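One letter stands for each residue in the lines below.
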Amino acid sequence: MELILEMFSHTFIVRAMIVGLLVSLCAALLGVSLVLKRYAMIGTGLSHVGFAAMAIAGVIDMAELTLALPVVVAAAFLLLRVSDSSKIKGDSAVALISTGSLAIGVIVVSLTTGLTLHICNVMFGSIFAMTQATVQLSVVLSIVVIVLFVLFYKQLFAVTYDETFARATGTKTWIYKTLLALLTAVTVVLGMQMMGALLIASLTLFPALTAMRLCKRFLSVVIMAAVIGVSCFFVGMVFSFQFDLPPGASVVGVNLVIFSVFSAIGFFKNGGLA
Amino acid sequence: MPLITCKDVAFAYDGNIVVHGLNFTVNQGDYLCIVGENGSGKTTLMQGLLGLMRPKSGEIELGEDLRHNQIGYMPQQNSSQKDFPASVYEVVLSGRLSSRGALPFYSKRDKEIALSNMEKLGILPMRNKSFRELSGGQQQRVLLSRALCATEKMLLLDEPVNGLDPVATLDLYRAINDLSRDTKITIIMISHDVRTAVEYASHILHLQNSRVYFGTSDLYKETAAGRRFLGGDIDGTNS
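Chains A and B, in that order, are what the protein sequence lines are. Numbering follows the working numbering, in which position 235 of the first sequence is assigned residue number 502; successive positions increment by one, without gaps. Numbering follows the working numbering, in which position 31 of the second sequence is assigned residue number 89; successive positions increment by one, without gaps.
In case anyone wonders, no lab produced these hints; they're calculated from the structure. A hint or two may mislead.
Dumping the calculated DMTMM-like pairs for lysine to aspartate or glutamate here, alpha-carbon to alpha-carbon at most 20 angstroms [what the hints assert, rightly or not]:
1) A:K421 <-> B:E170
2) A:K304 <-> B:D141
3) A:K536 <-> B:D141
4) B:K166 <-> B:E210
It should be emphasised that the depicted structure is a prediction, and the values quoted were computed from it without experimental measurement.
Bound-form chain A, shown alone:
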């Protein structure tokens, strides 16, 4: 308890906590649809595009979010396009775009500043990443993501569960798929600053997959994922503060433990090997 009180006496931790909890919530909510719709790779792909954008922003001395947000949103549209239609299959297209942009980011950085602390922070995240202005923007955007998710919950369910049926009965499914990609893009960019480009995708994957070990209804998966996402972030941050670990890795570590516990419970609940 004292530890937690001490943590919250630091302004930078309070900021990181507020943004992190909101972003974890967004990521967990969207993650359920991403995982079930086999779009999980999109989160990873977008975070690598985000890495390139942030690296370039650092070099040309531009505010990171101002550059990364539009670039990643554009990449989200592109990823949806190619994964749905083109001759290159979805997962290969995502791998192509993500490694491609990673390479561009590395080239730009090597030609200019070299691998500095800034780049290290972009890759693995930093608790000091939050300035007053980014906190405000992040809070507003996260709330927008959560509100849109709730308002379009039934469309997102329908499109995730059975896109063909939804389209056949007159729902414009591309609107909601685009919405999903767009919200994911925003969440990835916001979360990247603290979690790091290499780890942010796990915030969308772990809570959803963990919840699915035990929950059998869509709504309960969504609620359980939200609870898991938020609590794992909180615990992860406490560990990060206590043992001086990078916040991203610490949060993912907690998620990993919870996932294992849930998997084990699910395994025995379903009768083990029998």
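Take the given structure of chain A and dock chain B to it, following the hints.
Here is chain B on its own, set in the frame of chain A:
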């Protein structure tokens, strides 16, 4: 009153004609079975009727008070649905989506319609169960209830008994037949199973990249195509 009129309709993929020369009408209360071999254009035609695909030529006319989003559809299951965490109630209720439009959440009326459609198909007692824990036949009943939630007029069913065991198959055919009889809902069904098709359906459309036969089931049994498809021994002519 004709609900659907096809006038000389043709469909093409990438410029290759898949099916052409389709002329037929479906009237209110009809039970039409579309039969034909694999690749004969059955599914393509159904996509066209649903408005998911435009005909290359010809015209599909919908009856005066029928719109594309008032057609209930039961697609074939895809593999990702097999382990999707969703309750029976959640799946059936999602059939109300197009009627609800852009408004958030479902209304009380939507929920009542979903419950009554579950009752019609005898799946009300399992509404809180997970879809993936049901048997194949029960899953199809759930998807049929969902399709009913989207329509009061017309159901399109794409091989509903595919992958079911014989008992579940018969059971589902009976359920569909009861629906057709009791609710006067129009049914268009793709089927591989011609024998059952002529037994239950009022009309048959036999496709082989164009129309081989269209008319009542009774007359179909007398045609050469019908006899061949039915195995030739339907009235002893081959023995």
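Hint check:
1. For the suggested pair K421 (chain A) and E170 (chain B), the alpha carbons sit about 17 angstroms apart, so the restraint of at most 20 angstroms is met.
2. Restraint check: the Cα-Cα separation between K304 (chain A) and D141 (chain B) comes to about 12 angstroms, which is no more than 20 angstroms; the hinted pair holds.
3. The hinted pair formed by K536 (chain A) and D141 (chain B) meets the criterion: a straight-line CA distance of about 17 angstroms does not exceed 20 angstroms.
4. Between K166 (chain B) and E210 (chain B), the direct Cα distance comes to roughly 18 angstroms. Compliance with the 20 angstroms bound is thereby established for this hinted pair.
This entry satisfies every hint, going by the numbered hints stated previously.
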